[in-house]
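Build the full structure now, drawing on both the sequences and the hints.
Chains as they are written, first to last, in this note's numbering: chain A, 1 to 304; chain B, 1 to 304; chain C, 1 to 304.
Think of the hints as simulated: they come from the structure by calculation, not from any bench. Certain hints may be false.
It does not matter which identical chain is used: a pair holds within one copy or between any two.
Calculated pairs, DSS-like style, for lysine-lysine (alpha carbon to alpha carbon, straight line, at most 27 angstroms) [claimed, not checked]:
1. Lys262 x Lys233
2. Lys237 x Lys221
3. Lys233 x Lys173
4. Lys47 x Lys118
5. Lys104 x Lys233
6. Lys262 x Lys301
7. Lys173 x Lys118
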Amino acid sequence: MAAVLGLARQIVRSGVLPLCHWPPVWGRATRQSPGFLLAPCRTFSNKKILVELDESSGVATMTFKSPPVNSLSLDFLTEFCISLEKLENDRACRGVIFTSAVPKIFSSGLDITEMCGKSPEHYAEFWRATQELWLRLYGSNMVTVAALNGSSPAGGCLIALSCDYRIMVENPKFSIGLNEVQLGIVAPFWFKDTFVNTVGHRFAERSLQLGSLHPAPEAHKFGLVDELVPEEKLQEKAAAVMAQWLALPDHARQLTKSMMRKAVLDRLVAHREEDIQNFISFISKESIQKSLRMYMEMLKKRKS
Amino acid sequence: MAAVLGLARQIVRSGVLPLCHWPPVWGRATRQSPGFLLAPCRTFSNKKILVELDESSGVATMTFKSPPVNSLSLDFLTEFCISLEKLENDRACRGVIFTSAVPKIFSSGLDITEMCGKSPEHYAEFWRATQELWLRLYGSNMVTVAALNGSSPAGGCLIALSCDYRIMVENPKFSIGLNEVQLGIVAPFWFKDTFVNTVGHRFAERSLQLGSLHPAPEAHKFGLVDELVPEEKLQEKAAAVMAQWLALPDHARQLTKSMMRKAVLDRLVAHREEDIQNFISFISKESIQKSLRMYMEMLKKRKS
Amino acid sequence: MAAVLGLARQIVRSGVLPLCHWPPVWGRATRQSPGFLLAPCRTFSNKKILVELDESSGVATMTFKSPPVNSLSLDFLTEFCISLEKLENDRACRGVIFTSAVPKIFSSGLDITEMCGKSPEHYAEFWRATQELWLRLYGSNMVTVAALNGSSPAGGCLIALSCDYRIMVENPKFSIGLNEVQLGIVAPFWFKDTFVNTVGHRFAERSLQLGSLHPAPEAHKFGLVDELVPEEKLQEKAAAVMAQWLALPDHARQLTKSMMRKAVLDRLVAHREEDIQNFISFISKESIQKSLRMYMEMLKKRKS
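See below:
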């Protein structure tokens, strides 16, 4: 697996995979030898994400299993991209449900340790992987459903927003939102675009400026999630929603999805390197580094 | 009438009527000889649409009377464009109410027989007429009110969306939506733009991908229609809404309407020929033709 | 003060202050001699607006005190711009609350006497000052809260829309909206853009075309204001909301605000002179002048 991870990371790092060449070279190889490479696709558990594909329904489940909080480290992002690409290239798979094996948390978002005290090269690699995940997820041809069985701040919220449908456990202790401002940092424009496409301009403006984390009922009220269910009904509901979406003809549904999301996807594709440079110069500022260190200290203290 | 239809169809076909030259040559001729051409405008019934103009109020009613389902055939579209242009150029007319004489259906949308087994030239003519209708209706200087006394899928929904105000009979058996995906086809970008302008990005994304037909109460809840009324109150309500809109100074209201809709109208004007080519190549695909034939078979079976 | 006003007016008139050179030359001078210029900033009352800065909280209050209706005359706009710029350049100030000392009215909007029977040069100066106010207010780095203790039509509504948060007294006799069409005139595109960013496209389209003034409860329902409170709770609530917004790190919040509003601000900056010429040619039309004179007559009769 390490070799595959290395290869994929190289691809992610190069950042030259244009959306129009989907599937990329590596993906094409998969297609050419389905017998060999599809087998591990049925159920493959990597370090951080368990992927299970039910061939009868065509639905895969990706279960985040990276305690304590499913944070999006470079390794997590890379594994996520690879898994997603495998499923995207697998004709047996038409939809993916995302959920968490960690109690109370879906994903805590981007791993702050990746943004703290590292080299510009590392920041670039990390940010390119983050972009890559969003481009693949928001632009996926598969039906994507977020089954949110815990809180989902920042990058965790982005994953949810990038899906076609969001179901959240109705527990008001679980919250979701792009709370970057609370940490002294700023959500990039494509996080914002995805947010605005989901909840509209005004709610996004207010929520982003305040770095709000919205408890599940509030998130539902404002359209940040589509539906609330009791925890024990979550997987059943996700499967039912998936079945509803899969009842539509794939091709027409995919073209329609692309029509809705293309403008926003294209914007990042057109400004990808610039966005990486912006991220590096912003995150490298001493004031930002200091505030991230303080935030990590606070998290450590809270734990102990 | 055949001659007039032929002339109009030629205009529609040529597709060279830019919005800025409104009214076109044919329309100017109308203006120059009001005595001759305005007379039939008072009440003129063509084959598929009855047009009545009440000169005291300045309000015309266009009643679709093309059973069984007021489908938008090339003839229907052509007659619609001509009637609309006549009213647009008639100083006595300031507003139009659209409604149906066919029970339970406002309009079933684009006529599938026009898209099945025909020549590329026919597809081009049909699509240009569809574009023309939308450009005229969405960009109309008149106040336009849809009085929806029946279901309104696909192109029927587009007509409603292109009006200034939508009133629907509160019968939950009547539904409205852009359900193209259900048929295996895709709503063009300007259907989508009109939909997004009405209900916002998120609702549009979900509804378009699922090809949803929303029962009247749901359509009202999500802003797809502005108001629900009992069937017997529909015309009275439409007249009252029209009177409210006509109470405003025409010129300021028209400039404001144009400001709100210009970006989306301009987008089609700029990509009109490209959009026609896209339509032809999409609809000519054997897979699409097959799925349309299957849909028509299903409709036939349902009838018998 | 007259000299300062003259200087500022010259700046406003020249219209060459690009947003990217903020603070402008005059502002920089302020920064260089804080002891001299900051002192009057603590509490300075000009003719039309009382400005009070509470240094302990960092919150200023700008109270409109220009009876009978706080109309936005050229003098009012100029004073408003100067006060806002002073606060913007004052490190002790992080937020501003806008409210009125005139009973029942927040601001009646642009002063019609400035648009009636004047020279093109005057119209240009007046419109440039209106643009300048909006550019400064909508683009302000400070937290801005509108405490609406009265009606707020047209330009008064624009001021409210340009703030970060709007609180209105729950009195249904107080209304708010962009009612320009009622007067036979048209809100410029940047009024419209600000409106759409707040309430969405569909509500804006309908409300602008009808020139609607929405009573407070309706305004709240449609998101035109964020919150309703009893009159006696207004200032307390405004202070509490301000404290909530000021709890966030300034820099991250400001960058986020700019990200949300930049596209719309840039659009006016790019078309500023064109917009002035449009205003002059529109307002100079005899038909428009006539309808404004009639409106003023009506207002005079109503008073007596």
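Evaluation of the provided hints:
1. For the identical chains of this complex, Lys262 and Lys233 are neighbours neither inside a copy (33 angstroms) nor across copies (43 angstroms), given an alpha-carbon limit of 27 angstroms.
2. For the homomeric pair Lys237 and Lys221, the shortest alpha-carbon distances inside one copy (19 angstroms) and between copies (23 angstroms) are both at most 27 angstroms.
3. When the C-alpha separation of Lys233 and Lys173 is checked against a cutoff of 27 angstroms, the pair qualifies only within one copy, where the shortest distance is 17 angstroms, while the shortest distance between copies is 30 angstroms.
4. Only within a single protomer do Lys47 and Lys118 lie at most 27 angstroms apart by alpha-carbon distance; the minimum there is 23 angstroms, versus 56 angstroms between protomers.
5. For the homomeric pair Lys104 and Lys233, the shortest alpha-carbon distance inside one copy (15 angstroms) is at most 27 angstroms, but the shortest distance between copies (38 angstroms) is not.
6. In the homo-oligomer, the alpha carbons of Lys262 and Lys301 never lie at most 27 angstroms apart, since the shortest distance is 43 angstroms inside one protomer and 39 angstroms across protomers.
7. For a Cα distance limit of 27 angstroms, the shortest separation of Lys173 from Lys118 qualifies neither inside one copy, at 34 angstroms, nor across copies, at 59 angstroms.
Figure legend: structure checked against the earlier numbered hints; hints not met, in rising order: 1, 6, 7.
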